[in-house]
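**Student:** Read off the chains here:
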Amino acid sequence: MLSRTADHLYWMARYTERAENTARMLDVRVQYSLMPQSALAEEQGWRTMLGVSELQSQFDAKYGSLSQKEVIDFMVRDPDNPSSIASCLRAARENARAVRGSLTTEVWETKNTTWLTLQQHLKSRMFEHHPGKFLEWVKYRSHMSRGVTLGTMFQDEAFNFIRLGTFLERADNTARILHVKFKFLASDVIETDAQVEFYYLAALLRSVSAFETYRKVYRDAITPTRVAELLILQPKMPRSLVACMCAVVANLQEVRNDLSQDTERLAGKLYGELQSAHIGDILDEGLHAFMTRFLASIAELGNGIGRDFLLPVAPELPEEAPAPGQTQTQTQGQAQTQTQTQTQPQPG
Amino acid sequence: MSNFYDEMYATPATVRPHYTAFAEWLAQQAPQVIEQKRAEAELNFQRVGITFAVYGDNAGKERLIPFDMIPRVINAAEWTRLQAGLVQRVTALNRFLHDVYHDQAILKAGVIPREQVLNNAQYRPAMHGVKVPSDVYANIAGIDIVRAGEGEFYVLEDNLRVPSGVSYMLENRKMMMRLFPDLFARNRVAPVEHYPDLLLDNLRSAAPQGVDDPTVVVLTPGMYNSAYFEHAFLAQQMGVALVQGQDLYVKDDTVWMRSTRGPQRVDVIYRRIDDDYLDPRAFRPESTLGVPGLLDAVRAGRVGLANAIGTGVADDKSIYPFVPDMIEFYLGEKPILNNVPTYQCRKKDDLQYTLDNLSQLVVKEVHGAGGYGMLIGPASTQAEIAAFRERLLAKPEGYIAQPTLALSACPTFVDSGIAPRHIDLRPFVLSGKTVSMVPGGLTRVALTEGSLVVNSSQGGGTKDTWILEN
Chain A
1 MLSRTADHLY
11 WMARYTERAE
21 NTARMLDVRV
31 QYSLMPQSAL
41 AEEQGWRTML
51 GVSELQSQFD
61 AKYGSLSQKE
71 VIDFMVRDPD
81 NPSSIASCLR
91 AARENARAVR
101 GSLTTEVWET
111 KNTTWLTLQQ
121 HLKSRMFEHH
131 PGKFLEWVKY
141 RSHMSRGVTL
151 GTMFQDEAFN
161 FIRLGTFLER
171 ADNTARILHV
181 KFKFLASDVI
191 ETDAQVEFYY
201 LAALLRSVSA
211 FETYRKVYRD
221 AITPTRVAEL
231 LILQPKMPRS
241 LVACMCAVVA
251 NLQEVRNDLS
261 QDTERLAGKL
271 YGELQSAHIG
281 DILDEGLHAF
291 MTRFLASIAE
301 LGNGIGRDFL
311 LPVAPELPEE
321 APAPGQTQTQ
331 TQGQAQTQTQ
341 TQTQPQPG
Chain B
1 MSNFYDEMYA
11 TPATVRPHYT
21 AFAEWLAQQA
31 PQVIEQKRAE
41 AELNFQRVGI
51 TFAVYGDNAG
61 KERLIPFDMI
71 PRVINAAEWT
81 RLQAGLVQRV
91 TALNRFLHDV
101 YHDQAILKAG
111 VIPREQVLNN
121 AQYRPAMHGV
131 KVPSDVYANI
141 AGIDIVRAGE
151 GEFYVLEDNL
161 RVPSGVSYML
171 ENRKMMMRLF
181 PDLFARNRVA
191 PVEHYPDLLL
201 DNLRSAAPQG
211 VDDPTVVVLT
221 PGMYNSAYFE
231 HAFLAQQMGV
241 ALVQGQDLYV
251 KDDTVWMRST
261 RGPQRVDVIY
271 RRIDDDYLDP
281 RAFRPESTLG
291 VPGLLDAVRA
301 GRVGLANAIG
311 TGVADDKSIY
321 PFVPDMIEFY
331 LGEKPILNNV
341 PTYQCRKKDD
351 LQYTLDNLSQ
361 LVVKEVHGAG
371 GYGMLIGPAS
381 TQAEIAAFRE
391 RLLAKPEGYI
401 AQPTLALSAC
411 PTFVDSGIAP
421 RHIDLRPFVL
431 SGKTVSMVPG
441 GLTRVALTEG
451 SLVVNSSQGG
461 GTKDTWILEN
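The listed protein sequences derive, respectively, from chains A and B.
Using my numbering, the letters of the first sequence map in sequence onto residues 1 to 348.
Using my numbering, the letters of the second sequence map in sequence onto residues 1 to 470.
Check before you lean on any hint, since a few could be wrong.
[What the hints assert, rightly or not] Using C-beta positions, here's what the derived DEER-type ranges look like: (1) A:THR117 x B:GLU333: 51 to 59 Å; (2) A:ASN257 x B:GLY332: 56 to 64 Å; (3) B:VAL211 x A:GLU54: 47 to 55 Å; (4) A:ALA61 x B:PRO285: 35 to 43 Å; (5) A:MET144 x B:ILE385: 55 to 63 Å; (6) A:ASP80 x B:ARG16: 56 to 64 Å; (7) A:ALA61 x B:ARG261: 40 to 48 Å.
Derived by calculation from the structure, the hints in this document are not laboratory data.
Since we're looking at a predicted model, the values are computed, not measured.
Glycine included, C-beta positions come from ideal geometry on N, C-alpha and C.
So here's chain A without its partners, still in its complex pose (with noise of 0.2 Å):
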């Protein structure tokens, strides 16, 4: 396969999970804003969630206050942030225009009426009026995206590098999620009596589709520690990051090539120490140092595959690597889509 069409395959998959990754985080956030707590709180709450996506200093530079009205607006519609909703799904579009021919035409549908449908809802502010159906749209489609992946493509390399993509970005979306509540709980604008956490994580659980699986795995309280359990160490659970992680390893064994060996060990042993892991050990090491590190090699492995599969032949472009933390985006290298300045008879 053409190392362009996996990098477009690839990145289509990763921007479809980040729409409804932001989706599901914006979600919890709007549920959370509904209990009765203070104006700091709220502010805090919203700030983390900027905070957890790197976004904060362009919010600042952008909008004056700090309130639902205008993160949302920023998360869902802004065009200039690379990861709102809509920056999103318009770059999973435009990835999955340019390999349509490497897509099932079912495949290609979906994702170019998410984005036509998506004007629609921009166009009448269905964010702003009705932001929890909204949001529920963004993940139904994202449902259907991957429904209709795994329903009607055939299972080759490029349905490898498609499902790399959802799975290293899924890996990296839980963690963010966990990272920026457990954060928010440790932190002092709330105070955290046994109810008001209850909430919380009831909020955080549901925003991973996990709430009812807590009550099935667990049939107990809720605590943190069984929260942080099940989103980290679950292998039954298909967003925890073991799974994540389990996904990752099978699907680049399937496409390796001479160049992979290091990136293919590296994801063995993220998924290998995931699999052996205590939360006791986690806690020990404490869940915020443990994140900062899972986020740095999953940043680590999207470089990796970068590297082998997706500008092999390459050499001249400079190897970028991001700040650990950051969210990474496609480089503007061999997957950007030069625009031509050719006159061509026009079609038809």
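Since the structure of chain A is already known, use the hints to place chain B on it.
**Tutor:** Using the frame of chain A, we list chain B on its own:
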């Protein structure tokens, strides 16, 4: 412009025989059903993303080409004659291309003035003496044809570089079958869906000698090109890779593509990039769309290119007037299809005639395409004609003039109901070891009343084209 041939009606009350079944069907359709189908078609084209990009203002914006649901129908007898004429014409054009890049017999014989060919910007000296597979240069040709009267077809233009539009031919048929399956039960419409198979066969035959199982790719300038949908569509339909210049490189006169498993050799490139942009080392150095060294690989016979480099010298409007002579020279046959009488403004007398009759003529740029930079005398204001006169006088050799043909018209859905609109036809002719084509082509329609400009960039639409089998 009221005197034109109507494709459907012989007189306002008489339907032509090959349109009878359609006319009966149409009469039975409720207006709201038609409206509903029209909306359905539009939604489908949006969803599938059958769009083209527009140049100029709003760069990067995608637009739908309007699709009209009334088919353009051609009967079997007329098609048989058209097809024979197309095969004859494209065969002669390929013979001409081979000749001008080898012995130049036609120049030596004085049939075409030497400088007309050798000084033409589209003539590529680098291709002189280069052997191309099957001696075919224009593997894919799109010939623009118009009808003036009963059995009276004219070739308006030969497109031998990177002709586009075939994807619309295929998608229009798919859409019609989806919207109106019952129509196809009533009419014996010749199928066109096998075009990608014919194309792939043709491309495989353009492989360098000794390659048994050639790797074919489609080379596109990228997703912002106006015809990107078509490039992606054809690659997918043929099951070959869609590549951009940056995906390929040349090493030891061999073309390789960068793949996730390392370099992979490429044998045939169906390129949808103009000559000028194909190889920055040989042509425009600033081009980032091409592949450095590609010309060397072609010259070394290590890769097949479809179409070959340098085909533009045969479809240039300054060469167009000589095509009937080519047919007689190479094939010893009388041309089956008419050429439109053409005044070459580089000639003093022709220029004078053109200047004296600007309000009656169509004047085109020799190198123009897409319906840009042309004057349609009868449809222009005095001021437009005066402005064009200045441009013409400044560079007479850059223009040709032709009488304004009364293009045939086909009933078309418009705001006020159904009304005749002018049309043309672009059939696609594939040349390799043999010459082949699917029955039909792309019918373009000028949606503005009285307009003769069918180009999509100028607001033209398309129709499904039916060749009826006997």
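**Student:** A separate judgement is required for each hint: does it hold in the structure or not?
**Tutor:** Against the structure, the hints come out as follows:
1. Distance hint for THR117 of chain A and GLU333 of chain B: a CB-CB separation of about 57 Å, consistent with the stated range 51 to 59 Å.
2. One distance hint, 56 to 64 Å for the beta-carbon pair ASN257 of chain A and GLY332 of chain B, holds here, with the actual separation near 58 Å.
3. In this structure, VAL211 of chain B and GLU54 of chain A meet the distance hint of 47 to 55 Å, their C-beta atoms being roughly 51 Å apart.
4. A C-beta distance of roughly 40 Å is found between ALA61 of chain A and PRO285 of chain B, which places it inside the suggested range of 35 to 43 Å.
5. For the pair MET144 of chain A and ILE385 of chain B, the beta carbons lie near 57 Å from each other, so the given range of 55 to 63 Å is met.
6. Judged by the Cβ atoms, the range 56 to 64 Å given for ASP80 of chain A and ARG16 of chain B holds: they are separated by roughly 59 Å.
7. Evaluation of the 40 to 48 Å hint for ALA61 of chain A and ARG261 of chain B yields a pass: the beta carbon distance comes to about 44 Å.
Of the numbered hints stated above, none is contradicted by the structure.
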